[in-house]
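Novice: Here the structure of chain A is known, so what remains is to put chain B in place on it, guided by the hints.
The residues making up each chain are set out below.
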Amino acid sequence: MKGFKRKLAAFAIGLHFFFIVSVASHLHNWMAKKTGLRVIAGLEDYYSAITFNNRNFGFFAPDVTADWNVHLTMVDGAGNTRPYAFQLPNREMNVRMYSMIGHFAESETTNDLFARSWALKAMNENPDIVEVRVEVTQNFIPTMQEYRQGRRIEPKFLYRTTFNLP
Amino acid sequence: MISRLCARFLNWFAQPASPVPLAWFRIAVTLFCLVRLFVLRHSLLDVYGQYGFVQWAITRANLYDGLPHLGNIALLMGHLGLTADQSVYAVLVVYFVAILALMVGFASRWSAALVWFLNFLLIHAAGGLVYGMDIFTHIALFYCLIMPVGDALSLDVCFGWRKARSSVAAGVTRRMLQLHLCIIYFSSGLEKAAGIQWWNGEAIWRSVMLPSFAGFDLHWLAYVPWLAAAICWSVVALETGYSFFVWWRRTRLVWLGMMVSMHLGIGLFLGMWMFGWIMIIMNFGAFAYEAANDWIQWRAAKGAKKLAPAAAG
Numbered sequence: 400m401k402g403f404k405r406k407l408a409a410f411a412i413g414l415h416f417f418f419i420v421s422v423a424s425h426l427h428n429w430m431a432k433k434t435g436l437r438v439i440a441g442l443e444d445y446y447s448a449i450t451f452n453n454r455n456f457g458f459f460a461p462d463v464t465a466d467w468n469v470h471l472t473m474v475d476g477a478g479n480t481r482p483y484a485f486q487l488p489n490r491e492m493n494v495r496m497y498s499m500i501g502h503f504a505e506s507e508t509t510n511d512l513f514a515r516s517w518a519l520k521a522m523n524e525n526p527d528i529v530e531v532r533v534e535v536t537q538n539f540i541p542t543m544q545e546y547r548q549g550r551r552i553e554p555k556f557l558y559r560t561t562f563n564l565p
Numbered sequence: 007m008i009s010r011l012c013a014r015f016l017n018w019f020a021q022p023a024s025p026v027p028l029a030w031f032r033i034a035v036t037l038f039c040l041v042r043l044f045v046l047r048h049s050l051l052d053v054y055g056q057y058g059f060v061q062w063a064i065t066r067a068n069l070y071d072g073l074p075h076l077g078n079i080a081l082l083m084g085h086l087g088l089t090a091d092q093s094v095y096a097v098l099v100v101y102f103v104a105i106l107a108l109m110v111g112f113a114s115r116w117s118a119a120l121v122w123f124l125n126f127l128l129i130h131a132a133g134g135l136v137y138g139m140d141i142f143t144h145i146a147l148f149y150c151l152i153m154p155v156g157d158a159l160s161l162d163v164c165f166g167w168r169k170a171r172s173s174v175a176a177g178v179t180r181r182m183l184q185l186h187l188c189i190i191y192f193s194s195g196l197e198k199a200a201g202i203q204w205w206n207g208e209a210i211w212r213s214v215m216l217p218s219f220a221g222f223d224l225h226w227l228a229y230v231p232w233l234a235a236a237i238c239w240s241v242v243a244l245e246t247g248y249s250f251f252v253w254w255r256r257t258r259l260v261w262l263g264m265m266v267s268m269h270l271g272i273g274l275f276l277g278m279w280m281f282g283w284i285m286i287i288m289n290f291g292a293f294a295y296e297a298a299n300d301w302i303q304w305r306a307a308k309g310a311k312k313l314a315p316a317a318a319g
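Residue numbers (this note's numbering), protein chains in the order written: chain A, 400 to 565; chain B, 7 to 319.
Think of the hints as simulated: they come from the structure by calculation, not from any bench. Hints are all accurate, no fakes.
Result set (DSSO-like, lysine-lysine): computed pairs, CA atoms no more than 27 Å apart in a straight line: (1) A:LYS401 x B:LYS169; (2) A:LYS406 x B:LYS169; (3) A:LYS404 x B:LYS169.
Isolated chain A, as found in the complex (with noise of 0.2 Å):
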């Protein structure tokens, strides 16, 4: 029993570390690519949604990406507009805000979604509310060169949509 549970411990040690190993040096997305070894790919994604352990961990890399701006403007009954702002208490909201818009510029679908995510918060929280117009900017960052020769961050339009109560 005690052989028994000692190879089932090497076991469950082996497979933990093949699967971080694998993410880690992007073995898994060829495996996802491979029909016969999508099951293993499939294995891997369900752990990594449970434990987290195998994610990739390149964080601001290979580049830091530019951060982005979110503007919601709400339209009451009247047709009186009022911004709406995210409550972000401290710095550490800051971050996460980041880590959110960073997920809403993935794809179009998460875009849609995440905007119409922000202007049902803001629907809630405001009831006289008819219509959510959302705007996102991305701040284009100068190189050090380009900064030394005059130029400075600026937002550049990413994404517009509106959303009006039937």
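Specialist: Only chain B this time, still in chain A's reference frame:
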């Protein structure tokens, strides 16, 4: 030859070890989880709630089939008459109590399992708002779950439920954490090295200029690009070199010190204090025991050197 190497590896990997470093790791991780709850106290529903910044409908859709979501728990609690928001608070209260239980080492295995599971629910409910700090907290809790963290400095030991003794499990699981951390840093360093921004210094420049993170006005860095490049190279060297130099007695203390400084620097300049702290806790959990021994030996050797000439005189 191969069998001899395997035997040496097994001997190194499965050596019995003291549970005391694991107990300190348990206390540090749980303390961190409490601080995280405190930091988020004004935004709990914005982060974890059904109609937070990212709604459950989206985070549920992104979760793999068969995995539980906080929404499922809220649905069950709905039968008790609780709303979704009240369910979130109820889960957070249980999470808080379980963290306290794990911190004092009360029914450590069960409380670790409960904290890990609830953290899983919360992290997936938060979906799009999750970043590196949450990932590493969950990994740290995973290790609290598989490590015999209650075998020292715990109520379990006081009550006689667990025995405070060295074990193979303590040694193996700490080796796992050490190897895991090495893989994390090594892959992170390589990923960075693959980008041109980490060679020409633009990565550091961009990081400190991002309006979301900028805590200080560091625009002057543009006029000393060599400094930005040097910082970038140092980060890449520190991360890739970690896997080698942290094992070597002569460099371990220095390397750990530099890693801690790097994470404190990230906290100071980018405002990512929570991320910095969890990484420091992971580093200490993995290597502090060896580093402390190195320090004691170094002090002893220094003392002996001082004494030697005096004795000769």
